[in-house]
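Asks: Sequence:
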Amino acid sequence: MNRLSDEDVRERMGFLLRMFANERHSLGEALDNLLADLDDLVTISERHVYETEGDRRAAVGNARWIRDTTLRQLTTAYEQHPECPWR
756 MNRLSDEDVR ERMGFLLRMF ANERHSLGEA LDNLLADLDD LVTISERHVY
806 ETEGDRRAAV GNARWIRDTT LRQLTTAYEQ HPECPWR
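Its first residue numbered 756, the sequence shown is counted upward by one per residue in this note's numbering.
Keep in mind that the hints were calculated from the coordinates and are not lab data.
If you're wondering where the values come from, they're calculated on a predicted model, not measured in any experiment.
Worth double-checking, as some hints may not be accurate.
Listed next, with one range per pair, are the computed distances between beta-carbon atoms [stated by the list, open to error]:
#1 Val804 / Trp841: 32 to 40 Å
#2 His780 / Glu801: 28 to 36 Å
#3 Val804 / Cys839: 19 to 27 Å
Quick reminder that beta carbons are idealized off the backbone N, C-alpha and C, glycines included.
Use the sequences and the hints to build the structure in full.
Replies: Quick look at the structure:
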């Protein structure tokens, strides 16, 4: 599975936030927090000090994979939505 570009991540997160705003408040808030946590995971992984550059690349790669996979899974349900920007 290809890595999402930073632009793709922002686009999918923005779209999901618009869709979540239409969901029940508690569900929308929980999903909003999940997206923020996924983005934080990548940022923290990038800023952490590692023993080797290989360790850093592996950790950041894993964090991005988790974020990207979760975004793809969450957005799959909305792919037929008329506002979906990547269909």
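Asks: Broken hints, numbered, in rising order?
Replies: Result: hint 3 breaks, nothing else.
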